[in-house]
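Heads up: the protein sequence lines correspond to chains A and B, in order. Take any residue in the first sequence, note its place counting from 1, add 74, and you have its number in the working numbering. Take any residue in the second sequence, note its place counting from 1, add 315, and you have its number in the working numbering.
Among the clues, some could well be false.
Below 25 Å or equal to it, Euclidean Cα-Cα: the simulated SDA-like pairs (lysine to any residue) are [what the hints assert, rightly or not]:
hint, chain 1, residue 1, chain 2, residue 2
1, B, 382, A, 79
2, B, 360, B, 342
3, A, 121, B, 342
4, B, 399, B, 359
It should be emphasised that the hints constitute simulated quantities derived from the structure, not laboratory data. Computed from a prediction, not measured in an experiment: that's the story for all the values here.
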Amino acid sequence: QSALTQPASVSGSPGQSITISCTGTSSDVGGYNYVSWYQQHPGKAPKLLIYDVTNRPSGISNRFSGSKSANTASLTISGLQAEDEADYYCSSFTASTTYVFGTGTTVTVL
Amino acid sequence: QLQLQGSGPGLVKPSETLSLTCVVSGGSMIGSNYHWGWVRQPPGKGLEWIGCIYYTGSITYYNPSLKSRVTISVDTSKKQFSLKVSSVTAADTAVYYCAKMTTGFDPWGQGTLVTVSS
Numbered sequence: 075q076s077a078l079t080q081p082a083s084v085s086g087s088p089g090q091s092i093t094i095s096c097t098g099t100s101s102d103v104g105g106y107n108y109v110s111w112y113q114q115h116p117g118k119a120p121k122l123l124i125y126d127v128t129n130r131p132s133g134i135s136n137r138f139s140g141s142k143s144a145n146t147a148s149l150t151i152s153g154l155q156a157e158d159e160a161d162y163y164c165s166s167f168t169a170s171t172t173y174v175f176g177t178g179t180t181v182t183v184l
Numbered sequence: 316q317l318q319l320q321g322s323g324p325g326l327v328k329p330s331e332t333l334s335l336t337c338v339v340s341g342g343s344m345i346g347s348n349y350h351w352g353w354v355r356q357p358p359g360k361g362l363e364w365i366g367c368i369y370y371t372g373s374i375t376y377y378n379p380s381l382k383s384r385v386t387i388s389v390d391t392s393k394k395q396f397s398l399k400v401s402s403v404t405a406a407d408t409a410v411y412y413c414a415k416m417t418t419g420f421d422p423w424g425q426g427t428l429v430t431v432s433s
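Please model the entire structure based on the sequences and the hints provided.
And the structure:
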């Protein structure tokens, strides 16, 4: 199975909004509403930000939001803060009853 | 709250079997739609899903690229689940994470670095 495609890097200034895309196929992202997003700071375990495309777990800031259109899911971070500088990964359930992660995106706060 | 703690040898020789265990505390392993899984991350690279097991142990799902070498098992009475990867090579060097899988991977264990080297 091929990794979902994410941009290698995205940057923005404090207070701005950025969007990270996650492109798959109709056999994963496009076929199921089981897309999730993770934030990973250096040397730390990933942290769940969004599940089932749009849902935030308890305790996650509403500055993080998710959406999906066709085979592409997106994570938007609004009101960008210095603490948002991290790596971000998407994940999707697949038609093969497996899971696949995205290639990862490094977010830089300018 | 639920916590996961992975453990196992940090160094494994090529061609041998990598074995890791994840202990669950602060909550139950039993629940509908509860799967327990493993994810790995080679140094400086992205996340790779390895596989997962339903809490009953009756169903397992594996990454097709690893399926022939991977075994995941669960023991709810000991509140733990395990990963075995056979015939390891340097390409299996990674941080291995355990995680609860329901509507996403959450929570995660702290990660265990496993280096394959003679």
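Do the hints match the structure? See the list:
1. Restraint check for residue 382 (chain B) and residue 79 (chain A): satisfied, since their Cα atoms lie roughly 23 Å apart, inside the 25 Å limit.
2. Distance check on the hinted pair: residue 360 (chain B) and residue 342 (chain B) sit about 31 Å apart at the alpha-carbon level, beyond 25 Å; violated.
3. Distance hint between residue 121 (chain A) and residue 342 (chain B) is fulfilled; the C-alpha atoms sit about 18 Å from each other, no more than 25 Å.
4. Among the hinted pairs, residue 399 (chain B) with residue 359 (chain B) is consistent with the structure: their alpha-carbon atoms are about 23 Å apart, no more than 25 Å.
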